[in-house]
Amino acid sequence: GENVEQHPSTLSVQEGDSAVIKCTYSDSASNYFPWYKQELGKGPQLIIDIRSNVGEKKDQRIAVTLNKTAKHFSLHITETQPEDSAVYFCAAMRGKLIFGQGTELSVKP
Amino acid sequence: GAGVSQSPSNKVTEKGKDVELRCDPISGHTALYWYRQSLGQGLEFLIYFQGNSAPDKSGLPSDRFSAERTGGSVSTLTIQRTQQEDSAVYLCASSLGQVGETQYFGPGTRLLVL
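Sequence order for the protein chains is A and B.
In terms of my numbering, the first sequence opens at residue 3 and continues consecutively.
In terms of my numbering, the second sequence opens at residue 1172 and continues consecutively.
The set of hints was computed from the structure by calculation and includes no laboratory data.
Hints may be right or wrong, so weigh each one.
Each computed DSS-like pair below joins lysine-lysine, with the alpha-carbon atoms no more than 27 Å apart [said to hold, decoys possible]:
no., chain 1, residue 1, chain 2, residue 2
1, A, Lys110, A, Lys73
2, A, Lys39, B, Lys1182
3, A, Lys98, A, Lys24
4, A, Lys39, A, Lys98
5, A, Lys110, A, Lys70
6, A, Lys98, B, Lys1186
7, A, Lys24, A, Lys110
8, A, Lys44, A, Lys110
9, A, Lys98, A, Lys110
10, B, Lys1182, A, Lys44
11, B, Lys1228, B, Lys1182
12, A, Lys60, A, Lys98
13, A, Lys44, B, Lys1186
14, B, Lys1228, A, Lys98
15, A, Lys73, A, Lys24
Being a predicted model, the structure only gives us computed values, none of them experimental.
Given these sequences and hints, build the entire structure.
Put into structure tokens, the structure is as follows:
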């Protein structure tokens, strides 16, 4: 079955800096890769997703890149703000979503 | 209109008791998922309902866990004879049902088994 590895587990950046979170997946048939943001005490919220026929997608300060050959995808947050502080999860789908272990991002003002 | 709702938001129970957790998906969403999130961990898939098809129960950790979805809408996750290791946040999500459609999550039920 699918296995998703996510790194780093924690990430601390200064406000205004960029943050990058990386994930690898094992099943080459996976075709959908969402990223979720989870704030304390809340359910995960989708922030961006990418499908296997696309290499990059941007939405304002957030971008995701996908390398199908290497089976890895990354989340890039530019100009980070304190409100970006949360736990971020990547996931890969082949029939069902398999999640990475999460990255706790802390943006220091 | 509203998003996915779950109840109760918090549940404290004694070891050995049964608990029922409820999920109301977004209206019109045919797919419904249950996940478990242990403290500081990722989301563990439990069960998936799609329309009238037989559910995918491949993630249920033991036969003490079961789930129903009545009328293609509301779902109940039941844990029988709860154990301390069942303590976690139980999250429900729904989607329109096509493969790769966005899953929208509820706020979760925080279960504590004493």
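Hints, verified against the model:
1. A:Lys110 <-> A:Lys73: violated (32 Å)
2. A:Lys39 <-> B:Lys1182: holds (24 Å)
3. A:Lys98 <-> A:Lys24: Distance ~20 Å between Lys98 (chain A) and Lys24 (chain A) Cα, so the pair holds.
4. A:Lys39 <-> A:Lys98: holds (19 Å)
5. A:Lys110 <-> A:Lys70: violated (33 Å)
6. A:Lys98 <-> B:Lys1186: Distance of about 31 Å is beyond 27 Å: violated.
7. A:Lys24 <-> A:Lys110: Judged against 27 Å, a Cα distance of about 21 Å means the pair holds.
8. A:Lys44 <-> A:Lys110: holds (21 Å)
9. A:Lys98 <-> A:Lys110: Distance of about 35 Å is beyond 27 Å: violated.
10. B:Lys1182 <-> A:Lys44: Roughly 16 Å separates the two Cα atoms, so the pair holds.
11. B:Lys1228 <-> B:Lys1182: Holds - the C-alpha atoms of Lys1182 (chain B) and Lys1228 (chain B) are around 23 Å apart, at most 27 Å.
12. A:Lys60 <-> A:Lys98: Judged against 27 Å, a Cα distance of about 24 Å means the pair holds.
13. A:Lys44 <-> B:Lys1186: holds (26 Å)
14. B:Lys1228 <-> A:Lys98: Between Lys1228 (chain B) and Lys98 (chain A) the Cα gap is close to 12 Å, so the pair holds against 27 Å.
15. A:Lys73 <-> A:Lys24: Since the Cα atoms of Lys73 (chain A) and Lys24 (chain A) sit roughly 11 Å apart, the hinted pair holds (cutoff 27 Å).
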